[in-house]
Amino acid sequence: MANLMEDKVFMAFTTYAVIVILKMMLMAPMTAFYRITRGAFSNEEDVGKKSSEEKKKLLRTDPDVERVRRCHQNDLENIIPFVVIGLLYALTGPELSAALLHFRLFTGSRICHTIAYVGALPQPSRGLSWIVGMLVTFSMAYRVLSTVIFL
Amino acid sequence: MANLMEDKVFMAFTTYAVIVILKMMLMAPMTAFYRITRGAFSNEEDVGKKSSEEKKKLLRTDPDVERVRRCHQNDLENIIPFVVIGLLYALTGPELSAALLHFRLFTGSRICHTIAYVGALPQPSRGLSWIVGMLVTFSMAYRVLSTVIFL
Amino acid sequence: MANLMEDKVFMAFTTYAVIVILKMMLMAPMTAFYRITRGAFSNEEDVGKKSSEEKKKLLRTDPDVERVRRCHQNDLENIIPFVVIGLLYALTGPELSAALLHFRLFTGSRICHTIAYVGALPQPSRGLSWIVGMLVTFSMAYRVLSTVIFL
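These protein sequences, in sequence, are chains A, B and C.
Residue numbers for the first sequence follow the working numbering, beginning at 149 and rising by one.
Residue numbers for the second sequence follow the working numbering, beginning at 149 and rising by one.
Residue numbers for the third sequence follow the working numbering, beginning at 149 and rising by one.
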């Protein structure tokens, strides 16, 4: 079993997969931070022991909170496909340099995406970083399917 | 490492996993297409340099966009469990014919599900295709747990 | 290939990964149950052949349904990172006792989290169980990165 973790491509995949998953997980504390500073909650038990009028005020949606949540959702929709396809790609035994290029491009594109999304930077910054991530995943999927297709 | 990709069951899993993940990823461009044709965006920076009144009109939800987004969400909730449990199932060394039956049924059921959801076909078309996918995943989970349980 | 499934740590990972994924999947029937008993649907074709006025009444959001859906979403955001990082962690060859501690703590924390969320228990029950799950995943990610980093 240990021999998987002695393969350079698999080690590289492991490193970048953990980095992008950690980046995705950090969106949760960021959402909590925005909920608290903006005073916008979605569960009654999160508001604490207040009068019912004060409660109503805090049970609302806030544009900044919704923005972070959309960014988190976009991560789920893009980072998990990358991890799944990247794992299978690493197992097809690609060149180390090609694999590193894929993993680094994807990781960079998702960090840019988060900055562009949370910072509400003007387009096409967010659109471009999203497309780069998609293309990297498609490229790995193409390599996987062209190597091991078995229908 | 390469010997995983010489195993027929694992090759079949790889093929179908990539297909369903790609299907899931295609929901994102479809959402973008509906957002543009219906004129319904959720981020101010996506609307472009327009007067604030025109902006407000475009920052809205649209039933067709929401439908595609719910379909995407349902994919996340069903396809990712299939991929995780399918990977572990493939590693338990099942019969190739049984494995292929599971993978093909699931892939078919999710394609039917997407057509039924986006096309708003009358029930129970969507419900049935969803249940078939769930049952396939439960069946693989049962095989995995009955083979390698270690609590 | 079969030798992965002869490794005790990998068997333990497999068992707990299937359990938490199944727990996550059960949120879908739970949502369906709440939708039917509360009469709150989001798709027109789910309401059946009724007069357009009756339809409108049933196409609404309900606080109990939204609560279960938020719990499901939180599962997606936490259980999938656990499965991905847990898989890589199991491949780094940790001590069996340490691995079991991680897997059991996470599984327990997510079951508590679901009970606290769906039952709307007073805080900090839900917050604490969420944090325990996050810390377990971070601890595994730390072990993975400190063992096989390759940038």
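Derived by calculation from the structure, the hints in this document are not laboratory data.
Don't take each hint at face value.
Pairs involving identical chains hold if they fit within one copy or between any two copies, as the list cannot separate such chains.
[Said to hold, decoys possible] Restricting the straight-line Cα-Cα distance to at most 20 angstroms, the calculated cross-link-like pairs of lysine to aspartate or glutamate (EDC-like) are:
| no. | residue 1 | residue 2 |
| --- | --- | --- |
| 1 | Lys171 | Glu225 |
| 2 | Lys171 | Asp212 |
| 3 | Lys204 | Asp194 |
| 4 | Lys205 | Glu243 |
| 5 | Lys198 | Glu214 |
| 6 | Lys171 | Asp155 |
| 7 | Lys203 | Asp155 |
| 8 | Lys204 | Glu214 |
| 9 | Lys171 | Glu214 |
| 10 | Lys156 | Asp194 |
| 11 | Lys171 | Asp210 |
| 12 | Lys205 | Glu192 |
To see whether the hints hold, each was checked on the structure:
1. For the homomeric pair lysine 171 and glutamate 225, the shortest alpha-carbon distances inside one copy (14 angstroms) and between copies (12 angstroms) are both at most 20 angstroms.
2. In this homomeric assembly, lysine 171 and aspartate 212 come within 20 angstroms of each other (Cα to Cα) only inside a single copy, at 19 angstroms, whereas the closest approach across copies is 31 angstroms.
3. Taking identical chains as interchangeable, the C-alpha atoms of lysine 204 and aspartate 194 lie at most 20 angstroms apart only when both belong to the same chain, with a minimum of 12 angstroms there against 31 angstroms between chains.
4. In this homomeric assembly, lysine 205 and glutamate 243 never come within 20 angstroms of each other (Cα to Cα): the closest approach is 57 angstroms inside a single copy and 50 angstroms across copies.
5. For a Cα distance limit of 20 angstroms, the shortest separation of lysine 198 from glutamate 214 qualifies neither inside one copy, at 24 angstroms, nor across copies, at 22 angstroms.
6. Taking the shortest Cα distances, lysine 171 and aspartate 155 never come within 20 angstroms of each other, neither inside one copy (24 angstroms) nor across copies (30 angstroms).
7. Taking identical chains as interchangeable, the C-alpha atoms of lysine 203 and aspartate 155 are never at most 20 angstroms apart, the minima being 55 angstroms within one chain and 52 angstroms between chains.
8. In the homo-oligomer, the alpha carbons of lysine 204 and glutamate 214 lie at most 20 angstroms apart both inside one protomer (18 angstroms) and across protomers (17 angstroms), since each shortest distance falls under that limit.
9. Only within a single protomer do lysine 171 and glutamate 214 lie at most 20 angstroms apart by alpha-carbon distance; the minimum there is 18 angstroms, versus 26 angstroms between protomers.
10. Taking identical chains as interchangeable, the C-alpha atoms of lysine 156 and aspartate 194 are never at most 20 angstroms apart, the minima being 46 angstroms within one chain and 41 angstroms between chains.
11. Taking the shortest Cα distances, lysine 171 and aspartate 210 never come within 20 angstroms of each other, neither inside one copy (23 angstroms) nor across copies (31 angstroms).
12. In the homo-oligomer, the alpha carbons of lysine 205 and glutamate 192 lie at most 20 angstroms apart inside one protomer (11 angstroms), although the nearest pairing across protomers, at 25 angstroms, exceeds that limit.
When held up to the earlier numbered hints, the structure conflicts with 4, 5, 6, 7, 10 and 11 and fits the remainder.
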